[in-house]
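Asks: Chain residues, written in single-letter form:
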Amino acid sequence: MPDLHDRVRRALLDDTAREARRHGTQPIRERVPRALPAYPELQSRVRRSKERALDSLEELLDQAGARLMSHGFHVYRAVDAAAARDYILSHMPQSSLVIKSKSNLAKEIHLPDALREAGHRVIETDLGDHINQLMGRQSGHVLMPAIGVTIEEIQKTFQEQFHEPDLKPRPEDLVASARRHLRPLLEEAGVGISGANAVTATGEIVLMENEGNIRAVTSLPDVHFVVAAVTKVVESLEDALSVVQAASLYGIGQDFGNYCTVLSGPGRDIGPDVHVVLVDDGRVKAILDEPEPFYCINCGSCLNVCPVYAELGEAYGGERLGGIGVMQTFLLNGEERALHDGLDLCLGCQRCVPACPVKIDTPAITNRLKARRRTIPTGPLRQRFLRLVHSPVDLKRSRWALSAAATLGIAARWHRRGRKAEDFIPVPTSHQPLPAGRVYPGAEPIRGSVWIFPGCVMDAWYSGVHQDTIRVLNANGYTVRVPQQKFCCGALDAHAGATPLGSPSWDTFSGNDPIILNSAGCGAYLTQHPNPLSDRVEDLTAFLTRVGFRAPPKPVSGTPLAYHNPCHLAYAQQIAEEPRQLLAMAGYHLVDVPAGEACCGSAGTYNLEFPELAWNLARRKAADLGASGAALACTANPGCLMQIRAGLESLGSNIRLEHIATLLAHAYAGDVS
Amino acid sequence: MTGLGWESFAKKGITVRHIDSPVDFLKAWNVLLETHFGPVAVLNDPISATWLDLYENICWIPDDGGRAEILRAQVGFTGASLALADTGTLVLAEDSGFARLVSNMVSCHVALVPENRLVANWQTALQRLDQGRSHRPRILSFISGPSQTADIQGQLVRGMHGPTAVEAWIVPAVEGPLTLT
Ligand code: SF4
Ligand code: SF4
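If you read the protein sequences in the order shown, they are chains U and Y.
Using the working numbering, the letters of the first sequence map in sequence onto residues 3 to 675.
Using the working numbering, the letters of the second sequence map in sequence onto residues 20 to 200.
By construction, these hints were calculated from the structure, which means they are not laboratory data.
Note that CB positions come from ideal geometry on N, CA and C, so glycine has one too.
Please note that a few of the clues may not be correct.
Computed footprint of chain U on chain Y; a stretch qualifies when at least three of its residues, placed anywhere within it, have a C-beta under 8 Å from a C-beta of chain U [as the list claims (entries may be wrong)]:
| id | stretch |
| --- | --- |
| 1 | 83-95 |
| 2 | 105-112 |
| 3 | 118-127 |
| 4 | 132-146 |
| 5 | 150-158 |
| 6 | 176-183 |
Let's have the full structure, built from the sequences with the hints guiding it.
Replies: The structure is reproduced here in structure tokens:
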């Protein structure tokens with residue numbers, strides 16, 4: 003496979019595939035949130051059952067093996083890919099016609115190639131896989147393998163290969179054509195190969211699907227091989243059905259797949275002899291190290307919401323797709339393969355975490371794995387940036403230089419000309435960093451006192467936002483204290499997989515007062531990573547909502563406003579409504595933004611590592627804000643602010659983008675233009 | 020059954036017909052054969068046997084035919100062991116392996132569902148299946164609508180490999196074991 007940066011560059015140029023991907027995933031993104039509320043317990047249930055299963059995997063595998071055999075299945079535990087292939091090849095007749103249903107594991111162990119080399123003919127029966135097989139392309143999605151292929155390409159392929167030159171580019175016609183073409187093959191095949199959604203310790207195989215090909219593959223031939231990773235084992239049939247229901251709900255927004263087959267034995271009177279091949283291939287060892295990635299039930303939900311997948315498709319990953327796939331690859335095949343597959347591509351936006359039926363925290367695990375690598379292949383720009391955030395002196399100097407660039411109009415010119423995020427120049431506010439130790443008294447009646455978390459970049463480049471934050475807090479009756487020591491929260495290092503330099507002076511925030519943040523990224527990091535402050539830090543918007551917002555005496559008179567909720571508020575801290583409510587109470591009229599949930603691509607130092615990708619996301623976000631029709635926009639994170647402002651400038655947009663604290667402060671001052 | 024309804028089946032694209040008498044059955048049969056003309060395979064299970072005993076020109080499985088006859092059939096009748104109200108799902112429990120074939124390899128699958136077999140969800144279904152049995156049936160098929168695919172541009176199309184049409188004919192209560200064959 004081509005080099006990572008090459009792959010990324012090529013994928014970014016393929017607008018057709020991106021559009022086709024969006025087309026395929028959008029209906030699912032709409033359906034899933036509507037389907038989930040009816041099953042509030044499911045996510046925790048599935049998570050617990052996978053945790054339990056992998057905790058006592060060896061034991062469950064023994065039980066499953068014994069029970070499956072007593073039910074009349076042949077069972078084979080393959081230590082590695084080669085053993086699995088050998089077993090299957092030695093248990094099938096010469097020159098078989100093999101019908102296969104979707105199995106990511108079969109692909110991983112290169113089973114189809116091995117079968118072909120041994121003289122068998124392999125037919126992929128899942129429509130998407132079949133399209134890929136005919137076109138000789140890789141799968142683009144775990145559930146929708148042919149996502150990214152346009153209908154015209156499918157039409158042309160079918161016309162040629164099925165000899166049906168008059169086929170129209172209508173989905174119904176193409177599906178009917180595939181049905182006609184595949185049916186005789188299903189009837190004729192001697193061998194069937196399927197995966198399994200779950201294998202139970204009580205001796206059942208559970209499969210879920212929509213097409214009916216799995217039912218055909220598992221019932222028509224003389225021999226059926228179930229190829230399943232050992233990590234598919236769960237304790238009970240109840241657990242297994244929860245798994246398939248969750249996969250269906252989160253993966254496609256359907257409350258139960260069309261077909262669910264539970265095999266507790268081969269058919270008594272008719273049906274194939276069944277071999278269950280349980281493949282380890284490094285998993286038992288890997289889960290001792292890091293089990294979470296192996297809780298994955300392959301539903302594809304994370305891909306459907308991932309901004310990087312949306313841009314790159316199958317270029318995000320290798321044999322296994324997306325952030326989760328890359329982590330599994332890291333643990334099974336090592337760091338180098340994972341780097342090549344895109345370990346550094348995860349933005350850390352956390353959007354996939356609530357979207358996962360097993361609550362797998364892909365970005366956190368990614369950071370953990372990154373921190374382990376021997377070499378940090380970070381670009382020189384990124385390294386310089388990380389050094390910068392830890393050096394108060396350098397930060398101060400950078401502010402002067404950047405202010406000068408802004409004043410001279412250099413920044414704006416660069417953004418318009420710029421194609422890359424490397425060209426981004428933040429435009430600092432004209433304020434000096436906050437004076438250490440300063441106390442800003444709240445307005446009467448006083449309700450209490452809080453700390454402000456100055457941070458690194460925020461304080462150096464956006465201290466005007468700090469001033470606005472203080473004003474809003476003061477107006478709400480809170481006295482605000484600036485600590486003696488300022489330091490970086492560590493999020494930028496963690497995202498880069500680096501160890502933070504030096505240890506932060508946590509005790510500068512003495513007492514028990516809440517510590518208020520106006521940077522969603524720092525907030526996410528400090529609340530999620532154990533530290534002496536995690537219980538006290540709170541995002542400005544959450545804090546104001548919690549204590550009761552004192553609305554401005556003279557609210558703004560309905561200025562239309564487009565709000566971009568940062569991923570690190572929405573997905574990392576589950577803060578979505580609070581900012582909107584505060585803005586509405588301050589008198590702004592919030593307008594709808596197309597694709598409002600999409601990431602702007604800022605994410606820590608990402609724009610320094612994958613500039614083109616970050617740049618694409620920034621421009622798309624800027625265009626979406628523009629499409630809202632508002633002349634004023636706001637967000638709640640310095641990274642997003644910097645990123646989207648650059649995007650707006652590059653589009654030559656007149657939209658003014660501010661931090662939420664600034665707009666709230668303006669509402670108190672009554673000076674919104 | 021109190022409080023449970025058949026609405027979700029229609030939502031899943033399953034045609035629901037209520038059959039209270041042999042006359043109702045004959046009417047439904049005639050309507051069915053107008054749209055699905057061709058050989059009919061019927062699984063010889065206690066439910067189908069009650070209703071289709073007197074019909075001619077049907078192939079009883081496995082008595083009159085097996086795999087080849089099923090693969091040729093246009094319409095396939097089976098009983099349903101249970102039905103799940105929340106997800107609109109038919110459950111076929113069997114040991115033989117024939118119910119799976121008859122319900123999957125025909126263009127139109129008709130499941131005869133005794134009205135006392137409607138349960139809330141799969142959890143209740145498993146409890147019912149486990150009652151008084153030491154072994155689970157060898158094959159459980161959960162069917163929630165016609166075969167479908169969204170593999171072409173994310174657009175849902177019915178009738179990929181399995182039946183293009185699924186009907187649930189709700190018949191009066193049938194007591195006895197849940198396993199069909
Ligand atoms: S954190 Fe964001 S970028 Fe990373 S895998 Fe999840 S959705 Fe994708
Ligand atoms: S990580 Fe979670 S969301 Fe992604 S495929 Fe696995 S189970 Fe589904």
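Asks: Which earlier hints can't be squared with this structure?
Replies: none
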